[in-house]
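*Asks:* Chain by chain, the residues run as shown.
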Amino acid sequence: MCASVKHSSRGPALIPRMKTKHRIYYVALFSVVLLGLLATGVFQFWPHSIEASGDWAVEKRSAAVPVVRLPSDSPVPERGDLSCRMHTCFDVYRCGFNPKNKIKVYIYSLKKYVDELGMPVSGSISREYNELLSAIADSDYYTEDISRACLFVPSIDLLSQHALHIRETAQALAQLSRWDRGTNHLLFNMLPGGPPDYNTALDVPRDRALLAGGGFSTWTYRQGYDVSIPVYSPLSAEVALPEKGPGPRRYFLLSSQMAIHPEYREELEALQAKHGEAVLVLDKCTNLSEGVLSVRKRCHKHQVFDYPQVLQEATFCVVLRGARLGQAALSDVLRAGCVPVVIADSYILPFSEVLDWKRASVVVPEEKIADMYGVLQSIPRRQMEEMQRQVRWFWDAYFQSIKAIALATLQIINDRIYPYAAISYEQWNDPPAVKWSSVSNPLFLPLIPPQSQGFTAIVLTYDRVESLFRVITEVSKVPSLSKLLVVWNNQNKNPPEDSLWPKIRVPLKVVRTAENKLSNRFFPYDEIETEAVLAIDDDIIMLTSDELQFGYEVWREFPDRLVGYPGRLHLWDHEMNKWKYESEWTNEVSMVLTGAAFYHKYFNYLYTYKMPGDIKNWVDAHMNCEDIAMNFLVANVTGKAVIKVTPRKKFKCPECTAIDGLSLDQTHMVERSECINKFASVFGTMPLKVVEHRADPVLYKDDFPEKLKSFPNIGSL
Amino acid sequence: MQFWRRKSLWLALSASWLLLILLGASPLLRLAVSPRPQPATPQGWPHWLDAALLQSFSQPEEPPEDVPQPSQALHGARCSWGTCFDTSRCRDDGLKVFAHPAAGTASETHRRILASLEGSRYHARSLTEACLFLLLSQGTSAGQCGPAPHHWDGGRNHLVINLHPDSCPRASQLGQAMVAEASPRVDTFRPGFDVALPLLPEAHPFRGGAPGQLRQHSPHPSAALLALGEEGGRWHTASTHSATCPWDGRCEQDLGPKQTHPGEKLPNATFCLIPGRRAEASRFLQALQAGCIPVLLSPHWELPFSEVIDWTKAAIVADERLPLQVLAALQEMAPARVLALRQQTQFLWDAYFSSVEKVIHTTLEIIQDRILGTSAHPSLLWNSPPGALLALSTFSRSPQDFPFYHLQQSSHPEGRFSALIWVGTPSQPPLKLIQAVAGSQHCAQIMVLWSRERPLPFRWPETAVPLTIMDGPRKVSDRFFPYSAISTDAILSLDAHSSLSTSEVDFAFVVWQSFPERMVGFLTWNHFWDESQDGWGYTAEMANEFSMVLTAAAFYHRYYHTLFTHSLPEALRTLADEGPACADVLMNFLVAAVTKLPPIKVPYGKLHQEAAPLAPGVPGSRPHPQPPDQDCINQMAAEFGHMPLVSSRLRLDPVLFKDPVSVQRKKYRSLEKP
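First to last, the sequence lines map onto chains A and B. Residue numbering for the first sequence follows the UniProt record's numbering, beginning at 1 and increasing consecutively. Residue numbering for the second sequence follows the UniProt record's numbering, beginning at 1 and increasing consecutively.
A portion of the hints provided could be inaccurate.
Straight-line Cα separation of at most 27 Å, DSSO-like style, residue types lysine-lysine; simulated pairs [unchecked claim]: (1) A:K610 to B:K313; (2) A:K689 to B:K596; (3) A:K650 to B:K666; (4) A:K709 to B:K658; (5) B:K475 to B:K432; (6) A:K403 to A:K100; (7) A:K689 to B:K658; (8) A:K610 to A:K580; (9) B:K667 to A:K650; (10) B:K313 to A:K100; (11) A:K678 to A:K517; (12) A:K689 to B:K666; (13) A:K274 to A:K284; (14) B:K313 to A:K435; (15) A:K701 to B:K666; (16) B:K432 to B:K658; (17) B:K96 to A:K358; (18) A:K578 to A:K678; (19) B:K313 to A:K102; (20) A:K102 to A:K435; (21) A:K649 to B:K666; (22) A:K701 to B:K667; (23) B:K96 to A:K368; (24) B:K667 to A:K580.
Don't read these hints as lab results, they were simulated from the structure.
Extracted from the complex, chain A is given alone in its bound form (with noise of 0.2 Å):
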């Protein structure tokens, strides 16, 4: 009113000949509008607190989502198939061929389901639902072109069977557009069954449709199809839980289950009382006071403990099975880093069919409750330190929220789908820490190949062609030598006419590389027929054919490690606190240098291809050290030092004397020394190991005649 008042003393000047007639109505209309104003300004506020009361948008959501009415006689899938495996029940025709190897999910849109006589039939979407199906939408599984789609997750919600019309349901997924039998149809279920008999698969038909279900027995289960998947404890989410690192607890075993069949709880008290301390049985609370969740609490006598607190205090923790076979009690259980003691015959654990339980759980039939204690009693501690590591990565992973459950399952039949591209055993198993630490050889199967197969020479040369023949010729003469390959690496200049190069007994090939790289000495080229490679500078005119043929011997005892002449080691150097390169007279090596050396021609492919970093250009550009980082990569791909062959010490050619000064020679360490440092800090670790020996003929430098030893011409230095 006082607005309008405003409004109207203002108004003579505006309008000055107004009657009062006229001023009324305006002042009526003025008034009209600001009420207008007023409301949509409390409006503006309303919509919040009409969605805090939560079930009105509920509501509110149901009624926008199209209603699908359907009739009592609307079909029923078959009961579902137990003999369903991959090859038969799954359409990999819509999967096809994909070059990032992943599974293409499409989630249908919500619908709401209602009977004849327009009862809904599905409740409304759970909040773990409707968590689980944002997790897969926003995977990169996700698709929203159901022509594209290898899976199918429907949106209605089978998580538990408890608040589902089996009929109805099982109508709704038989309606879904793409359903055709089921097949290819994911369907989420954690608490299948009900009473009395509580069926270990979800009860509702869905013919071939995949189930990733919460508590399988082993005759449910279709191995290789169905995906056993944990109980979700909402619990377990809610609370905060301190850290704690592995090691023995207050108690040793705890039972922390509320619903336990009473012979089973005997068995426990049972144990409990021969035991004492370490074992603790809880029970649910009689009698709490109002207002205490009675799910966060448990007791044992007049004794009251916070649950999922007290897991924490256990270093076991018993998972028994209850109607249903699936305990959301093993995800409390894990989240509290206490080792599950699964007891729950024929339980198919979350996951099996990828995780290693044997490595985070115990399991114990239920004849065997009684003799628990024992078992347990008999795991070494490092055994059961391994399990508690085990147990916390597991629920970082795979348990921890319904984004990871989700993923994990998805990732599972991805994995069968694209076997090729699947996750290893140890992906899936290992922890971080093992992941980082741990050294797979890739030659790692203990062979020696036959002396037979021979090896190939590969020479990196420029332009001094004197010198490569004289190498050719040298080298020709090893008899294992089986192919001959020089890499001429000179752009500006032909390599010389085929007729004046050496004639050798072994073929021979010349390789032009497109630039003057040193990496070009490493490539992997598909003229190297032999596991065995030889890399030989062009002015290495010095090692004898003994030496050489000594030297292959020594690979074929060692395939998995580069072995050459010369030793280098590397130092830490405590003053400047960084590595430093050394060529000294030491009694160490943890290099060769491979202006001579024998390797694998998988290295070759390791070099160019998965050099870490940026070390192999970092090498061309500088043209040096490409040896040093074949050592680096070497070494650290399969956790071994070098064999360094014969006392040689150094490659000297007669006619390089002359530059070999000192000053020459303390840059070219600085230079080498700045290398070790480089690659150790891209390599993340020092990955060289340091040895204490090398290899000669087992006769070498013995009282024996020299004429009847196989290698007689070695131990120059």
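Assemble chain B onto chain A, guided by the hints.
*Replies:* Below, chain B without anything else, positioned relative to chain A:
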């Protein structure tokens, strides 16, 4: 005037309405249409603002579930490990097996299986001791099961072995017995209860068996990509580009030229395509032996020992309906994966499949693992060399305790050793030797195995490390007994005659730390094929190669004591008792069979060689080296079923060994004294 008034009126009205619409309508509209989700083309699953308010699928207030009915009725088909096997019959010392004697005339294979069981660690002397009863099903014709033996007990704790598929009716008739069957059908196989066996060819060797055919780690560049099964159990290889639809002979005309001689017994290719029919299961083993990566097209049978073997590391199970996709994937497979798969085929073949005996022992080991529960073999031990049959779970459950897994576990063998001095033949206490060994910085303890036949000397030298004397009646094989007093990973095995310097001990131990799975020794023997005798022989002559090191002075891992005592058949250990030379050969056989690698020789001062002979048969000690018992090596080769020894042509010396530099620079300088 009238006009002007009306105009301003309309103006004010429309202005205020405009204002109203602008400010007020949009929220009103939003409410009126619908809250989230937006009905128009949702991007993914809609994100609801009120998601947190949704009900959880499991209400904590839900009444506690009905109490369960413990132990359901048991049916044969519904058997699982927990319900149908009684582990309380098994004692702590592992699985003891009683094999029912064959009813009627037993086949040769059955007879040999029973014989091999008797000599093995699984053998139960009596029915009461046994926790597993073995029934070898008779006959190969379908439906013939043979009568149930005595003590059948409804099949409880029984294992029925069908080396041939379908030789016996299904599980329902077998009560609670487990079935180990060749290539069982996936739909009747009970995982965790039954055992899947490989489909063995009729003439599969009983013991030893042919080694894998793989000669090189990576495929030869010109090797064929694919091999396909032919009629009659033969293979032919197909070139990469033409093999677009290579199975079932549907596209035979497209196959292009066969690259190698058709009809090879074993395939020579990188991948071997094996159709899913059960009849083709025999090809699986052929491919495995040949080092040809099996590509199984929708197999209808369970892969052998799938309970413990991670087949994704050695084979590819693909869908037969997507041939082009499979081919493309094979062609594009990363070299690293091909390399790993190839090697794994060879390891698995050699560890579990190459002989009937290995297949039987693997089956029993799987069942033992189930009984052991938490102390069973970890997956790593099953799936990496040397395999679970050679890595005894009774030794330790931690892979770090074995000599084989340090790389995978990023662990190191312990930095100390225990010296074990064997005083077999009557002699003086080895005082000098004790002093030399005790002088090593790596020595943790010295143990003297004194034979009771002679009185104990009163005085022992003062040493910096603990010295233990163990006396008792001694067989030769007792020197390889896993004494609980041995606390270190490394053992330095010595004879009272041996003479070593501290420097030699130090260097040899440092070398051993780099090769903890091998034997590192000073004196060597070499084996050879003796044409004239048509058998194996071995010699102690100095030679350019060697294949055995003498345990009179050698470092090796203490695990080999456990393996020697608990895994070798009794017959072999008795053989070793016949003489120290035999024991040496046997130990070398054992280590070589496990590692498939030669032992390592380190330098040994010439001085000792002349002054004190290390062992019988060392040159220089006698005008004619004592001829080692050649019979022994042949008997062992027969018992092993093959010759495991591998020769080496190198010796590991200190880096500056005998180099013409100042002695002051050298760490192991006393090694070079004349």
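*Asks:* The structure should be examined with respect to each hint, and the outcome stated for every one.
*Replies:* A quick look at each hint next to the structure:
no., hint, result
1, A:K610 to B:K313, "21 Å, holds"
2, A:K689 to B:K596, "24 Å, holds"
3, A:K650 to B:K666, "18 Å, holds"
4, A:K709 to B:K658, "18 Å, holds"
5, B:K475 to B:K432, "25 Å, holds"
6, A:K403 to A:K100, "21 Å, holds"
7, A:K689 to B:K658, "24 Å, holds"
8, A:K610 to A:K580, "26 Å, holds"
9, B:K667 to A:K650, "21 Å, holds"
10, B:K313 to A:K100, "21 Å, holds"
11, A:K678 to A:K517, "19 Å, holds"
12, A:K689 to B:K666, "20 Å, holds"
13, A:K274 to A:K284, "22 Å, holds"
14, B:K313 to A:K435, "17 Å, holds"
15, A:K701 to B:K666, "17 Å, holds"
16, B:K432 to B:K658, "26 Å, holds"
17, B:K96 to A:K358, "23 Å, holds"
18, A:K578 to A:K678, "10 Å, holds"
19, B:K313 to A:K102, "21 Å, holds"
20, A:K102 to A:K435, "24 Å, holds"
21, A:K649 to B:K666, "15 Å, holds"
22, A:K701 to B:K667, "19 Å, holds"
23, B:K96 to A:K368, "20 Å, holds"
24, B:K667 to A:K580, "21 Å, holds"
Of the numbered hints given earlier, the model fails none.
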